[in-house]
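Enquirer: Sequence:
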Amino acid sequence: MDKLQREEAVANKLRLRDAVRDKAIVKREIIAGITGFFAISYIIIVNPMILKDAGIPTDLSVFATIISSFIGCLIMGFWANAPVILTPGMGVNAFFTYTVVVAMGLSWQEALGISIVSSVIYVIIAFTKLSDVLAKGIPDTLKAGITAGIGLFLVEIGLEKAQLIRQGTNSILALGDLTKPATLLALFGLLLTLFLFVRNITGGFFIGILVTSIVGIAFGIKDQVAPSVGIGDIGKYANIVAKGDLSNVLSIPFILAVFSMTMILVFESMGLLEGIMPNPQKFRKAFQASSVTSFLSGILGTSPTVAAAESASAIESGGRTGLTSIVAGLMFAVSLFFIPLLAFVPQAAIA
Numbered sequence: 018m019d020k021l022q023r024e025e026a027v028a029n030k031l032r033l034r035d036a037v038r039d040k041a042i043v044k045r046e047i048i049a050g051i052t053g054f055f056a057i058s059y060i061i062i063v064n065p066m067i068l069k070d071a072g073i074p075t076d077l078s079v080f081a082t083i084i085s086s087f088i089g090c091l092i093m094g095f096w097a098n099a100p101v102i103l104t105p106g107m108g109v110n111a112f113f114t115y116t117v118v119v120a121m122g123l124s125w126q127e128a129l130g131i132s133i134v135s136s137v138i139y140v141i142i143a144f145t146k147l148s149d150v151l152a153k154g155i156p157d158t159l160k161a162g163i164t165a166g167i168g169l170f171l172v173e174i175g176l177e178k179a180q181l182i183r184q185g186t187n188s189i190l191a192l193g194d195l196t197k198p199a200t201l202l203a204l205f206g207l208l209l210t211l212f213l214f215v216r217n218i219t220g221g222f223f224i225g226i227l228v229t230s231i232v233g234i235a236f237g238i239k240d241q242v243a244p245s246v247g248i249g250d251i252g253k254y255a256n257i258v259a260k261g262d263l264s265n266v267l268s269i270p271f272i273l274a275v276f277s278m279t280m281i282l283v284f285e286s287m288g289l290l291e292g293i294m295p296n297p298q299k300f301r302k303a304f305q306a307s308s309v310t311s312f313l314s315g316i317l318g319t320s321p322t323v324a325a326a327e328s329a330s331a332i333e334s335g336g337r338t339g340l341t342s343i344v345a346g347l348m349f350a351v352s353l354f355f356i357p358l359l360a361f362v363p364q365a366a367i368a
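Residue 163 in this note's numbering sits at position 146 of the sequence shown, and the numbers go up by one each step.
In case anyone wonders, no lab produced these hints; they're calculated from the structure.
Cβ coordinates follow ideal geometry from the N, Cα and C atoms, glycine included.
Please note that a few of the clues may not be correct.
[To be verified] Only pairs whose alpha carbons sit at most 25 Å apart, straight line, appear in this in silico DSS-like list of lysine-lysine: (1) Lys153 with Lys302; (2) Lys69 with Lys253; (3) Lys178 with Lys69; (4) Lys69 with Lys197; (5) Lys153 with Lys178; (6) Lys260 with Lys69; (7) Lys239 with Lys178; (8) Lys69 with Lys239; (9) Lys197 with Lys239; (10) Lys302 with Lys146.
[What the hints assert, rightly or not] Using C-beta positions, here's what the derived DEER-type ranges look like: (11) Leu192 with Gly237: 22 to 32 Å; (12) Ile248 with Gly154: 42 to 52 Å; (13) Thr116 with Val351: 32 to 42 Å; (14) Arg183 with Val351: 58 to 68 Å; (15) Val119 with Lys197: 16 to 26 Å; (16) Gly237 with Phe212: 18 to 28 Å; (17) Ile231 with Val43: 33 to 43 Å; (18) Ala161 with Val140: 19 to 29 Å; (19) Leu273 with Gly162: 30 to 40 Å; (20) Lys153 with Leu273: 23 to 33 Å.
With the hints as constraints, model all of the structure from the sequences given.
Expert: And the structure:
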C-alpha cells in the first residue's frame with residue numbers, strides 16, 4: 018500500500034468530530050462541499066419544473082427541493098459521516114410526474130402518498146439485513162439496467178421539452194421545428210452541456226443552464242409564463258406539506274406505482290453508494306440516511322431524494338467525511354435567498 022492509499026484509508030475512517038479539529042481537513046472538506054453543491058445545484062431549477070407538470074406549483078416545490086436537500090445533507094453528514102449529497106432524484110422525479118401522474122392519471126397528492134409508502138419500504142430495507150441480501154443477490158446488470166432505463170426516459174422527456182422531437186404522424190417520434198428560437202436555444206444548451214460533460218468540467222450542468230439562460234435573455238427568448246417566487250413566499254409552502262393522499266393505498270394502480278418507485282429508489286441509491294462508498298460501514302449508514310430523507314421528502318412535498326451522482330465531484334475534490342455533505346446542505350440553505358433568479362431561466366435552458 019503506497020502513501021496515497023494509506024492516507025485515503027485513514028481519511029475514510031476519520032470521525033466527524035476529529036475532522037473538525039484539523040484545519041487542513043476542514044478546509045479540504047469545505048471546498049469539496051461547495052464543489053459538490055455547484056455540481057448538483059441545477060436540481061433547484063430542474064426539479065420544480067418537472068414537478069410543475071404533475072400539478073405542484075413551482076413557487077412551492079422550489080422550497081420543498083431546497084429544504085429536503087438541506088435536511089438530507091445534514092442527516093447524511095451527522096449520521097453516516099459520508100461525503101454524499103442527497104437531493105430529489107432525477108429519474109424518480111420524472112417517474113413521479115410523467116408515469117404516476119400524467120400516464121396513470123393519479124393526483125400529485127396521491128403521488129406524494131406513493132412516495133411516502135415506497136420510502137417506508139425503503140427504510141425497512143435499509144435498517145434490516147434485507148439491504149445485504151439485495152446488495153449481494155441482485156445482479157449488477159439489473160441495477161445498471163434500471164438506472165440506464167430511467168436515463169433514457171429522461172433523455173426522451175428532455176428532447177420533447179426542448180421541442181427537438183415531437184409526436185410523429187406516421188411514426189412514434191419526428192424531428193421538431195428547428196426554426197423556432199427556443200428550440201435552437203435548447204439545442205445550443207444541449208451541445209454546450211455535452212461539451213462540458215465530455216471535458217469533465219465540474220458543475221457542467223449548472224454552467225450549461227446558466228450560459229444558456231444568459232444567451233436566451235440576450236436574444237429575448239423567454240417563457241410566456243415565468244415563475245415568480247421569492248423568500249417571502251415561504252409562508253405559502255405549507256400548502257404542499259404533509260399532503261400525501263393514502264385513501265387509495267390498496268388500489269392496484271397505487272400498489273403497482275409503489276412497487277416501481279421502491280425499485281427505483283433502492284437500486285438507484287444502492288448502485289451509486291456501492292460505487293463511491295467502499296467502506297461497508299459507511300455504505301450501510303449512508304444507505305439508511307438516504308432512506309430516511311426519502312421518507313421526509315414525501316412529507317415535505319417533493320418527489321423522493323436519492324444520493325446524487327454529483328457527489329463524486331465532491332469526493333474527487335477531497336471530501337472524505339460528513340463535513341462535506343454538511344457544507345453542501347448549508348449551501349442549499351443559502352440558496353433560498355437566490356430563488357428569485359428562477360424567473361430568468363427559460364425552459365429551453367433546462368430541457
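Enquirer: If a hint holds in the structure, say so; if it doesn't, say that too.
Expert: Against the structure, the hints come out as follows:
1. Lys153 with Lys302: At roughly 17 Å apart (the allowed maximum being 25 Å), lysine 302 and lysine 153 satisfy the hint.
2. Lys69 with Lys253: Holds, at roughly 16 Å.
3. Lys178 with Lys69: 13 Å, holds
4. Lys69 with Lys197: Holds, at roughly 23 Å.
5. Lys153 with Lys178: Violated, because 38 Å separates the two Cα atoms, which is more than 25 Å.
6. Lys260 with Lys69: 16 Å, holds
7. Lys239 with Lys178: 14 Å, holds
8. Lys69 with Lys239: 17 Å, holds
9. Lys197 with Lys239: 12 Å, holds
10. Lys302 with Lys146: 13 Å, holds
11. Leu192 with Gly237: 22 to 32 Å: Given a distance of about 25 Å, which is inside 22 to 32 Å, the answer is holds.
12. Ile248 with Gly154: 42 to 52 Å: 47 Å, holds
13. Thr116 with Val351: 32 to 42 Å: 33 Å, holds
14. Arg183 with Val351: 58 to 68 Å: Check failed, 39 Å falls outside 58 to 68 Å.
15. Val119 with Lys197: 16 to 26 Å: Since valine 119 and lysine 197 have Cβ atoms about 23 Å apart, the given range 16 to 26 Å holds.
16. Gly237 with Phe212: 18 to 28 Å: 25 Å, holds
17. Ile231 with Val43: 33 to 43 Å: 34 Å, holds
18. Ala161 with Val140: 19 to 29 Å: 24 Å, holds
19. Leu273 with Gly162: 30 to 40 Å: 19 Å, violated
20. Lys153 with Leu273: 23 to 33 Å: 27 Å, holds
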